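Asks: Line by line, the protein sequences give chains A and B.
For the record, in the first sequence the residue sitting at position 396 is 603 according to this note's numbering, with numbers rising by one throughout.
For the record, in the second sequence the residue sitting at position 171 is 151 according to this note's numbering, with numbers rising by one throughout.
Bear in mind the hints are in silico, worked out from the structure with no lab data behind them.
Just so we're clear, the structure is a prediction, and the values are computed from it rather than from any experiment.
Cβ atoms here follow ideal geometry from the backbone N, Cα and C, with glycine treated the same way.
Be a bit skeptical, because a hint or two may be false.
Unchecked claim - Selected chain B positions facing chain A (Cβ under 7 Å, derived; list incomplete):
| hint | residue |
| --- | --- |
| 1 | D46 |
| 2 | L59 |
| 3 | R62 |
| 4 | A65 |
| 5 | A69 |
| 6 | F78 |
| 7 | N84 |
| 8 | P98 |
One-letter residues, chain by chain:
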Amino acid sequence: MFLGSYFKLARAAIWNSKWRSLLTMFGVVIGVASVVTIVSIGEGVKQQVSEQVKQRGDDLITILPGERVKRDDAGRLAGLNPLDNKSSISFSESDYRTVLHIPTANPVVPFGRVVGVAKTASNEYAGAEIIAATEDLLSVLNHNLIYGSFFNDDDPKANSAVIGQRVAESLFGENVPLGKSLMIRDREFIVRGIFDEFNDSSSFVAGADYDNAIFIPYKAGQETMGGTIQIYQILTRPSDPQHIDDTVATLIQALKSARGGQEDFTVLKQDENLRLASNLLDTLTGMISAVAAISLVVGGIGIMNIMLVSVTERTKEIGIRKAVGATNRQILYQFITEATVISLFGGILGVIIALLANFLLRIFTNLYPVITWPIVVAACGVALAVGLFFGVAPALKAARKDPIDALRYE
Amino acid sequence: MKQRYTKVIMSLIELSEVSKLYGFGDATTIALDEVSLTINKGEFVAVMGPSGSGKSTLMHMLGLLDRPTHGTYMFNGRLITRMSASRRARLRRDTLGFVFQSSNLIPRLNVLENVALPLAYKGMTQTRRLKQAGAVLEQIGLADREYFLPKQLSGGQTQRVAIARALVNNPDVIIADEPTGNLDSASSLLVMELLSDLHKMGHTILLVTHNPELTRYSTRVVFMRDGLIIADEQTQVGSIPALARKLYFMQHKTFDDDLTGVSALMKALTGDDKKRGPKKIKKSKPKSIKRPGKKRGSK
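All chains should be modelled from the sequences, with the hints used to inform the complete structure.
Replies: Here it is, written out as structure tokens:
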């Protein structure tokens, strides 16, 4: 007998009990759909991150608190530790000054975190990230305003704010709230510029969602926070892009000596930043996928269970088939094929549901999940393997039935 | 259908001192007790006997579904006793056809697919096997029922489909285990005529029956009781052997005989008609229970 004949047998048996087969494959459907969706979200974020990195330029240098990478003597990355527990600490004003005084690094932009809620006369919005930065922000982010202009470090009043598009919509309820005022910690700021959309669904590299951020001048931020401000990130560029590695080395050296020989900070080039983000994403995706994959095992057990019932129900059929000359092996293959077809079909259905989920996520969230062929093939392969594995026990039970007992079974 | 007449009569089935035991120790049941039987090609053998006499066990044995505990079984010159389950399955597929009391068609397959079932295990393509199954159904006169499901057929038609299935791989032997057991007399007649036709075409037929009337189609009648063959008669086609007739009337004299399982056959054999008695009666003697050399059958 050929594989095609077994497949036809399986198809007939499955079609004969459509609803039961459909319910049986549901475990696999859910498992595959969730794994594919999660992996595709991770993949989508990764692609966005790499686009973002590309857009910011190769020569951007990110300085972060916490030791997130290990470097070997030549300065190459030797180990990644994206979730370093010291990353909750932040830089101080003096660290910023240290970086500022390195001649080969220019411009330097500190990202200070202002804790507070933005309010207008009639509304308040707690979701916005309030970031204190300097005027070079535009050049380090390599991004433009869509309306208005950016603030100036020499602005004497220093009460301007530049906001992301989502803040404009959420706080002011309009697209161009130029000239309107907002209150942060009892200080009034006037909106002078609105950023073009960043399209950063994630903040893995940026550290914040800039579409949902309010930028205020660094000095104003300092004053608002009562003199000291926590800096969670410093961005800079080398004055000569050819010598980026030297600049990185100089930065590490200077910061290390300024912080008492302690290397509890991380200086990253863009490609390293990307690797760090990918590593973090892979870890996260892997962990969530592993949880989702448990439902695949549960689905497999469901298939095994129903196949065992089916074998008992079809004892007579097995007896007839054996009487007319089916060998044990042929019976075995018949039932394994049936379990595998159920599982594989469940896998395909799962992929279809994942595609649907993908579509809905793109419409209703700011995620851009990407389903790639390797994910689809791997998901179907896993579904196939689940069917094969969990189909063996019921198929053996069927194959080992004594033909006479099976024929007598009613 | 290809010609099956052979000048040289060779024995197709040779059972020698075959026993079948079930269970162990005190619970041992002897289903077949050192039965020897030789069946030649082209015979129509009717096997009769009361319930529990070992008819079905004998049929399963002959049909390669079961293996003897003791003794040897040669089928078509091949030793079955030591044959593996899969080789027996292939031999079943190629040389045997079964017809059961309840037709045993697969309910979700249509008539054509049911008939084609044995061919599937030969690895024949679907087109070819459906074509061949169609030809057999045509021959049997059920061509217009090809796409019916078994439940849409009458009992007689179902049984004829079962015969078609048994016939589709052109087997040497057709084993019919009470094929008319569930049928009315008209349908029975049709089924028996069909089997008779197949016999005339050269197929060897083994028929298990309770009904002595049906022995008129056979060339030989074997009577069984308690796992023993107690009589073995050659008969003329068209005549009911006296022993069977006797048994038939005895059975219908008292209803209690059927109920209590008291062997009507024994009454027939030990009654007033001793001259026509069995050719061979093996008395059941207390046997020393033999341990089965091998575990019962293969799974």
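Asks: If a hint holds in the structure, say so; if it doesn't, say that too.
Replies: Taking the hints in turn, this is what the structure says about them:
| no. | hint | in the structure |
| --- | --- | --- |
| 1 | D46 | 6 Å, holds |
| 2 | L59 | 19 Å, violated |
| 3 | R62 | 17 Å, violated |
| 4 | A65 | 6 Å, holds |
| 5 | A69 | 4 Å, holds |
| 6 | F78 | 5 Å, holds |
| 7 | N84 | 5 Å, holds |
| 8 | P98 | 4 Å, holds |
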